[in-house]
Each structure stands twice: as structure tokens, then as C-alpha cells.
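Using the sequences and the hints given, assemble the complete structure.
Start counting the sequence shown at 161; every next residue gets the next number (this note's numbering).
Do not rely on the hints blindly, as some may be mistaken.
Stated by the list, open to error - Quick list of in silico lysine-lysine cross-link-like pairs, DSS-like style, CA-CA up to 25 Å:
1) K475 to K488
2) K200 to K186
3) K305 to K475
4) K486 to K475
5) K305 to K474
6) K305 to K286
7) K474 to K486
8) K305 to K488
9) K200 to K163
Said to hold, decoys possible - The following label-pair restraints were derived from C-beta to C-beta distances:
10) R368 to S414: 20 to 26 Å
11) S535 to E470: 47 to 53 Å
12) K474 to S535: 48 to 54 Å
Source of the hints: derived by calculation from the structure; they are not laboratory data.
Computed from a predicted structure; not experimentally measured.
Glycine is no exception: its CB is placed at the ideal position from the N, C-alpha and C atoms.
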Amino acid sequence: MNKATLSLITLPTDASIRDAYQAFDKTGLSVVLLCDNDRKLLAIATEGDVRRAILAGHDLEQSLTVAGNQEPIVGYIDESREVLSARLSRIQFCLPILDRQSRLNDLYYHDRRTFIPVASPTIGEKELQNVSDAVLSGWISSTGKYIDLFEEAFAAFCQMPRACAVSNGTSALHLALLATGIEADDEVILPCLTFISPANAIRYCGARAVFVDVEPDSWNIDPAAVEKAITPKTKAIIAVHLYGNPCRMQALRSIAERHELALIEDAAEAHGASIEGRPVGSWGDLSCFSFFGNKILTTGEGGIVIARNEALDKKIRTLRDHGMNKSKRYWHDEVGYNYRMTNMQAAIGVAQIERAAEILQAKENLRDRYDEAISGINA
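So, in C-alpha cells, the structure goes:
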């Protein structure tokens with residue numbers, strides 16, 4: 161923190177609650193530090209501490225000591241940034257930095273105004289109406305009209321004939337691998353730069369995850385590296401569209417067909433992306449999406465599997481629902497999983513797809529703002 165700002169939030173021992181409010185107003189920060197004449201820290205008070213003191217009956221002229229935390233967590237000037245960061249929490253979001261004589265030297269401060277989330281959900285009136293409708297219908301679990309509506313709408317969104325809604329993106333990957341027959345000792349190729357989900361899903365099947373390098377320009381799986389990694393044990397390729405940037409699916413499709421491998425798209429972050437006018441999700445034998453809260457389209461939690469052929473889709477639907485025989489209820493022909501999406505989640509998803517063009521345009525507008533803001537920076 162710069163010295164001028166630190167000086168404004170450092171108050172003397174006779175400071176009042178009013179002085180604290182004036183410091184908050186001057187700096188826009190929500191913390192003050194109470195120090196003696198030798199700059200030894202006596203207490204720290206946040207805007208919340210001061211507000212609670214007022215609510216407890218203390219007036220503005222009361223000594224700030226009634227509101228201050230006299231045993232705050234502190235850091236020291238010779239400690240690393242990693243050590244200091246580890247001491248921050250939701251309860252104490254700033255850390256007075258002292259010298260070894262306990263004199264105030266600086267303030268390590270996490271200003272929530274500077275926090276920029278990777279992505280935030282866009283939830284509107286339509287989503288609320290659909291969820292309310294689902295709740296009032298009584299169908300709040302894994303049966304209800306919104307499940308079918310969501311599956312149909314998302315399949316159309318990806319220009320595919322079918323889609324199977326599931327509990328999350330990781331379960332989608334697991335089901336996709338199971339449906340293609342991946343089992344113990346098989347090898348599945350995936351990029352070394354990805355979230356853990358595809359690697360975990362491979363291990364769920366008892367198979368071996370074979371990591372290959374990514375391309376330096378796209379950070380996506382390198383088709384040439386895929387070809388080199390293929391062995392007699394290789395059964396599938398997982399192409400992760402990292403950060404929504406599509407992989408070179410034409411090259412991967414060619415490799416998969418030439419070596420008779422299953423091609424699975426992990427499109428968790430790529431809703432609405434396309435390659436030469438053809439959407440992601442339509443290139444693989446199976447394609448998996450996530451609808452976690454930070455994804456472009458969300459259902460809170462949730463995922464979906466798109467199968468190129470009907471046989472794979474039927475297999476996934478059986479595995480999704482405990483391996484239950486569709487013609488003979490509570491008769492289980494194989495080991496299955498409880499990977500179903502709820503009707504309430506699907507209700508949000510239906511509204512999200514209806515608003516997809518609006519949501520995607522907002523994302524493009526943000527991209528344009530970033531491009532303009534950093535265009536003058538030399539890399």
C-alpha cells in the first residue's frame with residue numbers, strides 16, 4: 161500500500177469512531193489501524209466492527225478502542241508473500257505488516273473491488289419463472305418436463321439429434337468413456353493442460369491417462385503429439401476445448417478414424433463455439449458439456465452428453481440411471497450410476513438456451529472491451 165494511503169488509515173490512540181468513518185470516506189477502504197506514538201499497532205477496526213459498535217449503542221465520539229480488534233492477525237516484513245496470503249481469510253481480509261519491534265510498516269490488503277471473476281452466471285426473470293414452475297409442479301428431482309425440454313433444446317443448439325442431461329461435466333465424461341467401452345489397462349490420450357476432470361474420469365474406468373503436449377498458440381491438444389502417442393492399447397482421444405477455444409477437430413477426427421479410436425469432445429467451456437460454422441459438440445463420437453456456475457450457459461451444477469449414434473445414447477441413458485432396464489423397472493442389467501440431472505436444474509437450462517444469443521453477445525462485448533484496452537500493450 162502506498163505511504164499516503166497508509167497514513168490516512170493510521171489513527172492515534174485518542175481517535176474516535178467519527179475519525180474512523182472519516183478515514184473510510186477519504187480512502188474508500190474499510191479498515192483503520194490504531195497505533196501509538198511509536199507506530200506500535202494497538203488494534204485494527206473494520207467498517208463492520210465500527211457499524212456493530214454503533215448498533216451496540218456507542219456514539220460517534222466514543223473511543224475507537226470499543227470497536228477495534230486488539231489481537232489481530234499480523235504479518236512481518238521479512239515473511240514471504242505466500243506466507244502472508246495464507247493468513248488472509250473472509251474474517252480478516254487485510255494484514256498489518258510489522259517490523260520485528262511490532263511497529264507498523266505496511267498493510268497487506270485484499271480489496272474486493274479489484275476481484276474480477278473468471279465468469280459469473282447470468283440469471284434472469286425467465287430462469288426464476290421456470291424454477292418456480294418446476295417447484296410448483298412437484299417434480300423437483302430427476303423427472304419432469306424440463307428434463308426433456310432441456311435435452312431437446314441443447315441438442316438443437318449443437319445441431320445434433322440427441323443429448324442426455326446428467327449431474328455434472330465430470331459424470332458426462334465418465335459416461336462417455338464407459339459407453340465407448342473403455343476399461344482397465346486401456347489408454348486414453350488427453351492434453352496436459354486441462355482441468356482434472358477428464359483425467360479423473362479415465363481413472364474411474366481403470367484406464368491409463370496418456371498426457372500429450374498442447375500447441376503454443378491455442379493451448380489445445382496438438383494433433384501431431386496425439387499421433388505419436390498412439391499405441392496398441394490406445395482406445396480414445398479426449399479433445400478439450402480449453403477456455404472455449406476449439407481444438408483442431410478436423411485433424412483429430414482424421415487421426416481417430418485412421419486408428420479406429422473413439423473421439424470425445426470435452427466442451428465444458430465452449431458452449432456456442434464453432435469450427436468453420438459447425439458447432440463444437442458435433443465433431444466427436446461423444447461430446448461432453450458442463451453447466452457449472454462459471455460456464456457460459458449454466459444450470460448451477462449439471463452436464464450433458466451428446467452421442468453421435470442412438471446406440472451410444474441408449475447406453476448412456478441406462479448407465480445414468482443405475483443401469484436400470486428401461487422396459488422392466490427396478491431390473492438392473494448392469495452396474496450403473498446415479499448421474500441424473502434434476503428438473504429444477506433443467507428448468508434453468510431451458511431458459512439459458514432461450515437466452516443463449518444474448519449471453520454469447522455479452523461475452524463477445526466483454527472480449528472486445530479487453531481487446532481494446534490492451535491493444536496498446538507490447539507483449
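Tested hints:
no., hint, in the structure
1, K475 to K488, "holds, 15 Å"
2, K200 to K186, "holds, 23 Å"
3, K305 to K475, "holds, 22 Å"
4, K486 to K475, "holds, 11 Å"
5, K305 to K474, "holds, 19 Å"
6, K305 to K286, "holds, 16 Å"
7, K474 to K486, "holds, 10 Å"
8, K305 to K488, "holds, 22 Å"
9, K200 to K163, "holds, 16 Å"
10, R368 to S414: 20 to 26 Å, "holds, 24 Å"
11, S535 to E470: 47 to 53 Å, "holds, 48 Å"
12, K474 to S535: 48 to 54 Å, "holds, 51 Å"
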